[in-house]
Every structure is written in C-alpha cells, then in structure tokens.
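Whenever a hint applies, use it, and build me the whole structure from the sequences.
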Amino acid sequence: AALAAATDISAQQQVFSGDDLTVSPYAINTRGLTEPQVGKKHEALAVIAERAGDYQRAARHYAVACGIQSQETRDFAMASPICNSARTLADQHGVVDARIRILVSAGVMRTWTFNFPAAVATLKEAIALGKDLNPDDPDSAPLVGAHQLLGSTLVEMSQFDEARTSLTFGRD
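In terms of my numbering, the sequence shown opens at residue -13 and continues consecutively.
Just so you know, not all the hints are guaranteed correct.
[Stated by the list, open to error] Pairwise CB distance ranges, derived in the manner of DEER restraints:
hint, residue 1, residue 2, range
1, 4, 146, 21 to 31 Å
2, 13, 110, 21 to 31 Å
3, 117, 78, 32 to 42 Å
[To be verified] Straight line, CA to CA, 20 Å or less: simulated EDC-like cross-link-like pairs of lysine to aspartate or glutamate:
hint, residue 1, residue 2
4, 26, 36
5, 26, 61
6, 117, 158
7, 117, 148
8, 110, 125
9, 110, 148
10, 26, 5
11, 110, 147
12, 110, 158
13, 110, 58
14, 26, 40
15, 110, 142
16, 117, 142
Hints in this document: simulated from the structure, not taken from any laboratory.
It should be emphasised that the depicted structure is a prediction, and the values quoted were computed from it without experimental measurement.
Built from N, CA and C at the ideal position, the CB exists for glycine as well.
Listed below in structure tokens is the structure:
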C-alpha cells in the first residue's frame, strides 16, 4: 500500500511506498529518479519522519538530501537549511551515520577541487567517527562509503597500501 503525503517542500502530492517509510534511508529505492529527484524525495521523507517524531530517521534523510543538494549547487560550506537540519538532528539524537554521510559528501566535493589531502582528512574523520558502528547494519552504509571513497582517493595519490585497506573494508 502506498501512502500519499503532501509536504512543505512541494505543492505537488508525492506518493511513497511502505518501504520508503520503513527501510533504512540509505537503502530506499530511487531507480528511475534523477539525482535532484532523489534529493527531493529524501527531503520530503525527512519532513514526514520529523513530523512523526522519528528524529533519527529524519536526520538520515536530511543528511542524504544535504549531500545531494550541496553537490548540485556546489555549496562547499554545506550551509543550506537542509544541511543545518541534518547536523542539528544528528547531533541532538546521536545519529553518527548521518554525521558520517555529511562528511562523505564534503570529502567528495574536496576531491572535485583536487584537494586530495583535505578529502583524505575528512574521510578519515568520518571513518574514525564510525569506529563503533556495525558495517553490516544498513544504517552504517555511509561508513562503508567513506572507506570506498577514501580508498579511491588514496589510489589517486599513489598510496596503494593504505588504499587497499580501505577498499577491502568497503568490499567486505
């Protein structure tokens, strides 16, 4: 059964599946959507979760929307209201994976400017933050992504041994 929900984000009615409202925000189905549409979907789902009092889920959705929006607009400071909501909820409710997701997006944008040392530092910060997370938990997907991106960035920097460690973690 699908749930229709109107949000403050758009006057247009959006329809979400039961899975959209229950599975990890990092695992929802976005097939067939453009990146901006994925961002809007996460933003709308964040609003729904926040209104329902599920602040951890809202933080996760806002974190994904923050990353997408920041990358689309080249907002390297990640200072949009969506990003501020993601950070605030993640901090208030101890949602480590959402904080990691924001750092991964920052790391991506630093690689775009070829600031590989800053990207590596940011990704290592994300990985350290997630040291106690279970990588098999779907909500830990940002930690796995941080390892994958760190490994790829280290390959660009010809730091192959360290890259292998992160890429192996991301694979396994």
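Hint check:
no.: 1; hint: 4 - 146: 21 to 31 Å; in the structure: violated (45 Å)
no.: 2; hint: 13 - 110: 21 to 31 Å; in the structure: holds (25 Å)
no.: 3; hint: 117 - 78: 32 to 42 Å; in the structure: violated (21 Å)
no.: 4; hint: 26 - 36; in the structure: holds (15 Å)
no.: 5; hint: 26 - 61; in the structure: holds (17 Å)
no.: 6; hint: 117 - 158; in the structure: holds (16 Å)
no.: 7; hint: 117 - 148; in the structure: holds (17 Å)
no.: 8; hint: 110 - 125; in the structure: holds (19 Å)
no.: 9; hint: 110 - 148; in the structure: holds (12 Å)
no.: 10; hint: 26 - 5; in the structure: holds (17 Å)
no.: 11; hint: 110 - 147; in the structure: holds (15 Å)
no.: 12; hint: 110 - 158; in the structure: holds (18 Å)
no.: 13; hint: 110 - 58; in the structure: violated (24 Å)
no.: 14; hint: 26 - 40; in the structure: holds (19 Å)
no.: 15; hint: 110 - 142; in the structure: holds (16 Å)
no.: 16; hint: 117 - 142; in the structure: violated (24 Å)
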